[in-house]
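Trainee: Sequence:
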Amino acid sequence: RVAGGGITGQAQAIRLGIARSLESLDPEFRPKLKEAGFMTRDPRMVERKKYGQPKARKRFQFSKR
Numbered sequence: 049r050v051a052g053g054g055i056t057g058q059a060q061a062i063r064l065g066i067a068r069s070l071e072s073l074d075p076e077f078r079p080k081l082k083e084a085g086f087m088t089r090d091p092r093m094v095e096r097k098k099y100g101q102p103k104a105r106k107r108f109q110f111s112k113r
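Numbering (this note's numbering), first residue to last: 49 to 113.
Each hint can be trusted.
Calculated cross-link-like contacts (lysine to aspartate or glutamate; reagent style EDC-like; alpha-carbon spacing at most 20 Å): (1) Lys80 / Asp90; (2) Lys82 / Glu71; (3) Lys106 / Glu95.
FRET-style restraints, in silico, Cβ to Cβ: (4) Arg49 / Pro79: 25 to 33 Å; (5) Gly52 / Pro79: 30 to 38 Å; (6) Lys103 / Phe77: 39 to 47 Å; (7) Asp74 / Gln109: 56 to 64 Å; (8) Lys103 / Ile62: 26 to 34 Å; (9) Leu64 / Gln101: 30 to 38 Å; (10) Glu83 / Ser111: 49 to 57 Å; (11) Val50 / Pro75: 24 to 32 Å; (12) Ile62 / Met93: 18 to 26 Å; (13) Gly54 / Thr88: 17 to 25 Å; (14) Ser111 / Gly53: 31 to 39 Å.
No wet-lab data here; the hints were simulated from the structure. Idealized CB from N, CA, C, for every residue including glycine.
All chains should be modelled from the sequences, with the hints used to inform the complete structure.
Mentor: Written out as structure tokens, the structure reads:
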């Protein structure tokens with residue numbers, strides 16, 4: 049079961065899960081899976097909202113006068 053995120057993110061999560069289960073069944077799979085990039089988790093996370101701003105990077109409208 050996969051919940052949250054988009055279609056691509058869910059597909060990557062399933063891919064990582066299958067790779068990890070294959071590796072737990074037979075450790076000889078590990079080098080090939082690692083070489084193909086299936087053992088790496090995508091480290092990108094949502095940046096937190098900062099105070100004094102409406103979003104993580106967006107700023108409130110600036111007025112010179």
